[in-house]
Amino acid sequence: MHRAQQSVAAAILLVVLAGSLAGCYTLLKHPDAAEAPEYDDFSRCAECHESYSSVMPFRSAYVGPWWDYYELPWWYQRAIVAADSLGGEVNYRSIMEGEPARATGSGVGVSPLGGAGVPEMHMERGAGAAVQEEDKAVKKRAGEGPPGDKRSIEERSSTKRGSEDKAAEAKRRQSADETKDTSSSDETKNTNEKKEKP
Amino acid sequence: MKRSIRFIALATVAISCLLQPYASHAQIVQGITLEKLGLLSSPGSGARPYAMGGAYGAVSDDAFGLLYNPAGLANVMRKEISVGLNMRFDEITNTYLSMSSTQSSSNTSFGHLAAVYPYPTHRGSLVFAFGVFQTGSSHLESVKNAYLEDISAAVENGFIQSGTIYQYHVGVGFDLSPRAAVGASFVLWDESVDFNEGINQSGTDSSVFFSDNVSMDLDGVSFNFGLLLRASDHLRAGFSVTTPAWLEYDGDGVTTAEYTYADDPGVRWVTDPEVGFIHEEYTLPMKFSGGLALQFPAVLLAADVSYIDHSQTKYNGISITSELDPGKEHVLNETWNFHVGAEVTLPQAPIRFRGGFSYVPLELSTVEEIAYIDNGVVSVVADFEAERERKFFTFGIGGLIDRVLMLDLGVAIGGYEKVTSDAGHSTVFTEERSITEVIASAAYRF
Numbered sequence: 001m002h003r004a005q006q007s008v009a010a011a012i013l014l015v016v017l018a019g020s021l022a023g024c025y026t027l028l029k030h031p032d033a034a035e036a037p038e039y040d041d042f043s044r045c046a047e048c049h050e051s052y053s054s055v056m057p058f059r060s061a062y063v064g065p066w067w068d069y070y071e072l073p074w075w076y077q078r079a080i081v082a083a084d085s086l087g088g089e090v091n092y093r094s095i096m097e098g099e100p101a102r103a104t105g106s107g108v109g110v111s112p113l114g115g116a117g118v119p120e121m122h123m124e125r126g127a128g129a130a131v132q133e134e135d136k137a138v139k140k141r142a143g144e145g146p147p148g149d150k151r152s153i154e155e156r157s158s159t160k161r162g163s164e165d166k167a168a169e170a171k172r173r174q175s176a177d178e179t180k181d182t183s184s185s186d187e188t189k190n191t192n193e194k195k196e197k198p
Numbered sequence: 001m002k003r004s005i006r007f008i009a010l011a012t013v014a015i016s017c018l019l020q021p022y023a024s025h026a027q028i029v030q031g032i033t034l035e036k037l038g039l040l041s042s043p044g045s046g047a048r049p050y051a052m053g054g055a056y057g058a059v060s061d062d063a064f065g066l067l068y069n070p071a072g073l074a075n076v077m078r079k080e081i082s083v084g085l086n087m088r089f090d091e092i093t094n095t096y097l098s099m100s101s102t103q104s105s106s107n108t109s110f111g112h113l114a115a116v117y118p119y120p121t122h123r124g125s126l127v128f129a130f131g132v133f134q135t136g137s138s139h140l141e142s143v144k145n146a147y148l149e150d151i152s153a154a155v156e157n158g159f160i161q162s163g164t165i166y167q168y169h170v171g172v173g174f175d176l177s178p179r180a181a182v183g184a185s186f187v188l189w190d191e192s193v194d195f196n197e198g199i200n201q202s203g204t205d206s207s208v209f210f211s212d213n214v215s216m217d218l219d220g221v222s223f224n225f226g227l228l229l230r231a232s233d234h235l236r237a238g239f240s241v242t243t244p245a246w247l248e249y250d251g252d253g254v255t256t257a258e259y260t261y262a263d264d265p266g267v268r269w270v271t272d273p274e275v276g277f278i279h280e281e282y283t284l285p286m287k288f289s290g291g292l293a294l295q296f297p298a299v300l301l302a303a304d305v306s307y308i309d310h311s312q313t314k315y316n317g318i319s320i321t322s323e324l325d326p327g328k329e330h331v332l333n334e335t336w337n338f339h340v341g342a343e344v345t346l347p348q349a350p351i352r353f354r355g356g357f358s359y360v361p362l363e364l365s366t367v368e369e370i371a372y373i374d375n376g377v378v379s380v381v382a383d384f385e386a387e388r389e390r391k392f393f394t395f396g397i398g399g400l401i402d403r404v405l406m407l408d409l410g411v412a413i414g415g416y417e418k419v420t421s422d423a424g425h426s427t428v429f430t431e432e433r434s435i436t437e438v439i440a441s442a443a444y445r446f
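Taken in sequence, the protein lines are chains A and B.
The first sequence begins at 1 in my numbering and counts up by one.
The second sequence begins at 1 in my numbering and counts up by one.
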């Protein structure tokens with residue numbers, strides 16, 4: 001009995017220790033603390049991060065449907081679904097053309113762009129290249145520094161996430177809704193416009 | 001009988017030693033008991049790890065990370081529920097001098113049930129998991145036949161044991177950095193074991209039948225710790241440590257004996273059932289494992305090595321030593337286990353083929369030759385040499401359905417052969433065992 005109590009205590013200690021250590025690198029809250037509630041809405045991740053691999057480097061070399069199965073975080077899939085609903089601005093598509101996409105969430109179904117599969121750049125250049133490319137993209141949007149760089153995040157927080165940006169973003173969303181069913185060239189324009197967003 | 005080969009007839013009831021917790025002089029039998037219970041080697045669980053020869057320490061990107069390397073849990077990005085089934089086929093052939101007997105058995109049991117939950121993060125990963133896994137089997141059926149010249153009697157020793165070792169794991173894995181993840185799991189051991197041993201001796205002037213029925217429950221605890229290093233997108237290294245496992249067996253047993261004398265057919269003597277209670281404590285040693293995984297889009301190569309110093313195994317707090325040979329300190333040896341495996345993914349179909357090989361040498365250096373009755377039950381114990389070390393060839397197939405449901409099948413085929421020789425190097429006793437395991441797993445990720 002004494003040993004059992006010790007074991008339970010050790011197990012609890014283990015979990016607490018693990019939870020506390022998780023903050024060393026793993027972030028449970030978005031680093032941009034000033035607007036944490038907004039950033040913690042995972043459905044909006046794709047507005048800044050085209051691929052979760054941009055903040056999850058060195059994962060694996062899985063491709064195709066296996067990438068979905070192993071690499072695509074379930075919470076980030078919500079971001080893809082949300083992005084798709086805004087007009088397909090995220091370059092996610094299946095590496096296997098014509099194959100049904102993974103059911104999203106509770107079985108929403110096939111997404112407009114062929115589903116949440118491998119990002120285009122991931123598919124072409126491998127995970128490492130994807131990471132670098134994504135980092136560059138995020139860096140460009142943020143102004144400087146890698147995604148985890150505190151300085152760049154703070155600057156983004158103070159200068160690029162102000163009320164003006166919010167208004168512009170709302171306007172852009174409205175525009176996206178209006179152009180949702182237009183030609184592909186319009187969609188490309190929309191995408192480019194968004195990438196210039198801070 | 002066979003004085004020249006260090007045979008010693010232990011003056012204890014070998015197979016009922018569990019009923020005599022204070023028989024400290026019978027320590028050597030505890031090593032044999034541990035092997036019979038299947039505690040010394042843990043084949044693991046899961047169709048995919050099995051099919052890859054158990055080389056999973058640097059892979060571990062699913063619920064089986066709990067078993068092979070908890071740090072691997074950090075690689076799980078989707079919620080997962082996993083379930084499995086194990087089937088095992090055994091064939092044991094015992095040969096004593098010229099008398100050979102073969103016993104086949106099969107057993108199907110629940111393999112595992114596990115759930116993995118990756119906590120939503122903005123960077124890195126934090127993954128919790130729970131699972132119950134079959135990590136060993138105590139199923140054993142064997143028959144040993146012998147003719148004992150010194151007492152002019154034929155003896156048949158039949159042993160039937162059932163039990164499945166389950167481990168309940170609660171674990172967590174998380175990223176320490178982009179390249180490093182760590183993990184830990186807390187493990188509870190559980191098993192219900194039943195065995196029956198019958199020894200039938202038929203001599204010229206008498207016959208004796210002895211039976212021993214035992215039921216035991218196993219409880220125990222241990223911890224697993226793991227580290228996973230991602231050297232690049234393609235190369236991973238995994239390390240894990242299993243703490244000593246503190247185990248307790250509690251139970252009871254009943255022995256009876258029935259004697260008949262040919263000289264006087266009317267005389268038949270049946271002993272009163274002897275009831276004993278069991279409380280045994282074992283401490284299994286630490287295990288250190290390391291592995292590498294080289295991963296490309298179409299091919300995954302993995303290799304593991306693990307080290308266990310079984311001589312540190314303790315019975316009731318004391319190391320298990322040999323009473324047969326004072327110069328030979330330990331009954332159990334240290335072992336280096338090697339595992340290699342490969343997984344090939346078809347480029348145009350969500351199907352994978354796997355193959356592997358595992359080398360798991362025998363830990364025990366002693367064998368119980370046969371038990372017979374001569375004014376009491378006597379166990380004959382001797383050393384053996386591994387004519388063929390324990391090896392397994394593995395293969396399997398896996399398929400992914402609609403990107404959410406993974407179905408896997410793994411098969412392991414292997415065995416070993418022990419040989420006991422006399423001083424003149426003539427074979428006295430051999431034990432050959434063939435093992436085939438089939439494991440089916442299904443994992444749903446959502």
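If you're looking for bench data, these hints aren't it; they were derived computationally from the structure.
Keep in mind that a hint or two might mislead.
[Said to hold, decoys possible] Rough simulated footprint, nothing fancy, chain A against chain B, three-plus residues with beta-carbon under 8 Å: (1) 115 to 126; (2) 172 to 180; (3) 398 to 410.
Virtual Cβ for every residue (Gly too), placed ideally from N, Cα, C.
Taking the hints in turn, this is what the structure says about them:
Requiring three or more residues with a Cβ within less than 8 Å of a Cβ of chain A, the coverage given for the region 115 to 126 of chain B holds, as 9 such residues are present. With 7 residues bearing a CB less than 8 Å from a CB of chain A, the region 172 to 180 of chain B meets the requirement of three and the coverage assertion stands. Remark: the region 398 to 410 of chain B is confirmed as covered by chain A, as 5 of its residues place a Cβ nearer than 8 Å to a Cβ of that chain, reaching the required three.
In terms of the numbered hints stated before, the structure departs from none.
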